[in-house]
Amino acid sequence: MSNEPPALKHVIEAALLVAGRPLNLDALLGLFDEIERPERSEMRAALDELAEDFANRGIELKETASGFRIQVRASVSERVSRLFEERPQRYSRALLETLALIAYRQPLTRGEIEDVRGVSVSSNIMKTLQDRGWVRVVGHRDVPGRPALYATTREFLDYFGLKSLDELPTLAELRDIDSINVEIDFDGAEEAVAEAVAEHAAAEGDAMDSIEDDGDDRPQAASSS
Amino acid sequence: MSNEPPALKHVIEAALLVAGRPLNLDALLGLFDEIERPERSEMRAALDELAEDFANRGIELKETASGFRIQVRASVSERVSRLFEERPQRYSRALLETLALIAYRQPLTRGEIEDVRGVSVSSNIMKTLQDRGWVRVVGHRDVPGRPALYATTREFLDYFGLKSLDELPTLAELRDIDSINVEIDFDGAEEAVAEAVAEHAAAEGDAMDSIEDDGDDRPQAASSS
Amino acid sequence: MTEPAPENTTPEQAEMPFAVVQGAPVLQLPRDLYIPPDALEVFLEAFEGPLDLLLYLIKRQNLDVLDIPIAEITRQYMEYIDLMKDLRLELAAEYLVMAAMLAEIKSRMLLPRPVESEDEDDPRAELVRRLQEYERYKQAAEDIDALERLERDVLVTQVDFSERKIVRTVAEVTLQEMLIAFKEVLAHAEKYAHHQVEAEPLSLRQRMSDVLAAVRENEYRPFTSLFNAEEGRMGVVVTFLALLELIRESLIEIVQSEPYAPIHVKARAGRVTEDEEDSDEQ
Numbered sequence: 001m002s003n004e005p006p007a008l009k010h011v012i013e014a015a016l017l018v019a020g021r022p023l024n025l026d027a028l029l030g031l032f033d034e035i036e037r038p039e040r041s042e043m044r045a046a047l048d049e050l051a052e053d054f055a056n057r058g059i060e061l062k063e064t065a066s067g068f069r070i071q072v073r074a075s076v077s078e079r080v081s082r083l084f085e086e087r088p089q090r091y092s093r094a095l096l097e098t099l100a101l102i103a104y105r106q107p108l109t110r111g112e113i114e115d116v117r118g119v120s121v122s123s124n125i126m127k128t129l130q131d132r133g134w135v136r137v138v139g140h141r142d143v144p145g146r147p148a149l150y151a152t153t154r155e156f157l158d159y160f161g162l163k164s165l166d167e168l169p170t171l172a173e174l175r176d177i178d179s180i181n182v183e184i185d186f187d188g189a190e191e192a193v194a195e196a197v198a199e200h201a202a203a204e205g206d207a208m209d210s211i212e213d214d215g216d217d218r219p220q221a222a223s224s225s
Numbered sequence: 001m002s003n004e005p006p007a008l009k010h011v012i013e014a015a016l017l018v019a020g021r022p023l024n025l026d027a028l029l030g031l032f033d034e035i036e037r038p039e040r041s042e043m044r045a046a047l048d049e050l051a052e053d054f055a056n057r058g059i060e061l062k063e064t065a066s067g068f069r070i071q072v073r074a075s076v077s078e079r080v081s082r083l084f085e086e087r088p089q090r091y092s093r094a095l096l097e098t099l100a101l102i103a104y105r106q107p108l109t110r111g112e113i114e115d116v117r118g119v120s121v122s123s124n125i126m127k128t129l130q131d132r133g134w135v136r137v138v139g140h141r142d143v144p145g146r147p148a149l150y151a152t153t154r155e156f157l158d159y160f161g162l163k164s165l166d167e168l169p170t171l172a173e174l175r176d177i178d179s180i181n182v183e184i185d186f187d188g189a190e191e192a193v194a195e196a197v198a199e200h201a202a203a204e205g206d207a208m209d210s211i212e213d214d215g216d217d218r219p220q221a222a223s224s225s
Numbered sequence: 001m002t003e004p005a006p007e008n009t010t011p012e013q014a015e016m017p018f019a020v021v022q023g024a025p026v027l028q029l030p031r032d033l034y035i036p037p038d039a040l041e042v043f044l045e046a047f048e049g050p051l052d053l054l055l056y057l058i059k060r061q062n063l064d065v066l067d068i069p070i071a072e073i074t075r076q077y078m079e080y081i082d083l084m085k086d087l088r089l090e091l092a093a094e095y096l097v098m099a100a101m102l103a104e105i106k107s108r109m110l111l112p113r114p115v116e117s118e119d120e121d122d123p124r125a126e127l128v129r130r131l132q133e134y135e136r137y138k139q140a141a142e143d144i145d146a147l148e149r150l151e152r153d154v155l156v157t158q159v160d161f162s163e164r165k166i167v168r169t170v171a172e173v174t175l176q177e178m179l180i181a182f183k184e185v186l187a188h189a190e191k192y193a194h195h196q197v198e199a200e201p202l203s204l205r206q207r208m209s210d211v212l213a214a215v216r217e218n219e220y221r222p223f224t225s226l227f228n229a230e231e232g233r234m235g236v237v238v239t240f241l242a243l244l245e246l247i248r249e250s251l252i253e254i255v256q257s258e259p260y261a262p263i264h265v266k267a268r269a270g271r272v273t274e275d276e277e278d279s280d281e282q
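Protein chains in written order, with this note's numbering: chain A, 1 to 225; chain B, 1 to 225; chain C, 1 to 282.
Isolated chain A, as found in the complex (with noise of 0.2 Å):
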């Protein structure tokens, strides 16, 4: 570093980044003794020039009613923010499983997961599935302490880029692959799952006709909001 003693400007920017607080024109003059402190008029000179050696930085400096202060331009504010973002954990095991047997089992409560899992599911997965906005309660089976039950939502769809449900491979896939891919080929489930139903659908053949006429005249109001 030079000899030189620093310029006005930068004894100004290295109290505004230290003070803490707005710092006014006296404030600034108080740091310098009676015999060496500059003008009024010197001192907004160099503030002028500092305001202009921030254009194009990611500060800038600001006058407010108690003082002048340096902060952070909204340009880079946003991408500074993250500094102060809690680092996300990984999803646990547990609630990787939970949400996968409420995909392919729901409308089901927790207790069932429970009996699936073998072990008993946390509150804190079921809270943390519901925030996410992956799972809600869609109602209640008619037991004893009536128990919520929970389906998977529309958000959760967007999230694993589903359409669909039916997109996620069936049971008997996934039982076959070893390491899934997740591009496989769903045309095939899809049909799978078709055929399941007009199976399913042929079996109750008469009542279908029947119900074909009643449901001309309201849209499907079940999907999620």
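Please keep in mind that the hints were generated in silico from the structure rather than gathered at the bench.
Among the hints, a few may not be true.
Simulated crosslink set (DSSO-like; lysine-lysine; CA at most 30 Å straight-line) [to be verified]:
1. B:K163 / B:K127
2. A:K9 / A:K62
3. A:K163 / C:K266
4. C:K106 / C:K85
5. A:K163 / A:K127
6. A:K127 / C:K106
To be clear about the criterion: a stretch of chain A counts as covered by chain C if any three or more of its residues have a C-beta under 8 Å from a C-beta of chain C, and this derived list gives those stretches [stated by the list, open to error]:
7. 23 to 33
8. 37 to 49
9. 53 to 62
10. 92 to 106
11. 158 to 169
Just so you know, even glycine gets a beta-carbon here, dropped at the ideal spot from N, CA and C.
For this one, chain A is given, so just place chains B and C on it according to the hints.
Leaving out everything else, chains B and C in the frame of chain A:
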């Protein structure tokens, strides 16, 4: 302000100014999503540019153990510290000697510090060092009484502007009493320098010089108070 | 570090010139300066113990730590000890231990020494080792004190950023991760025969959820309103199957007041719980 995205160095500058803590390379890279994330080399280059921008200013970019920070240079700090009524705390020789022993010889016990200093070390000193976060207990020596083993912390390095213990000032050589009668030859002099500290013997050069100079070459030894 | 106050003559050895002439020690010792008693007290308290005091005595006379004139140094040391006693300064035990050590070394120095003396035979060796050891850390302490440090020498910048956006991030997960997790549940579940997870059309499950979400327990909903013709025949079939499954699982009730009257659907569940209200907001 133009609509161009802010230069990388200006994002770094803004981030370091608001972070309230030193930021390492990873923390800075974390400001960006994977897609837009600069290379480490780009980040380093931007940091270098920033340091250059600060060359004749009242602030400087400093890398310490925890990462990078922007600090007000010593040459401007004195003036700027007029903003604060509180004077920085002064530390007694006893405390500094204790700190030095821990820094160079860590980990070691209070008894071992007392052996070298020839006087007892007050509990107050140990408490102050720990309260400041410069020293912590890292274990216990496996001898009767199981005395605590002390070591320095990252905060210690940050506070004294060091990147690692290697950057501590070189410890003076020990000379052998035999050397009184021998032509001065320090090559074989004591190597029992503290275990935790890297040896700077080579960098130190002629041991005689360092003793004769007796600290003259240290940066600004006596000016600041 | 501060400049020493003139009359205090604080023992800052670092400020003393250091010019040892090896082999030709300066025997002409400078006379002790007169120190007023009150200043002396401050002076003595400035020492960090007997090693520090000894180092001061040695350095003050430009002597090398490696070649201490023990008799002379011991005499001076004892003078200070006596002074401290006279002034009734609280004298740490360490000072007396050192006095004893010096006296012992002095007496051993008077004994004739073998010509080929090993250094461990030099009665001063242990003292020299301790003095050197202490001195290097005393120096190290001064060096550390001289480092540019926060607060005293450099100030950390901190720009207020209270207007920052609070960004809440959530963990990310891939479909693949979820499926792998699920596969393991299945493997686990299959070990228990009574928990067979069957293959069935997922669209049916989804539709069941949708229907269940759409019906209320205390509100009869027209049966037909649950169907969407735009979905075509297949969609209608799926909805119907979902309704049948929901009835089978006793999750909904179908009500018809009289033959051919409109059919209504309501949830079997009783009151709407808070859970439900919450989830409905999404």
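Next on the checklist: For each hint given before, does the structure comply? Return the numbers of the non-compliant ones in rising order.
Outcome noted: 6, 7, 8 and 9
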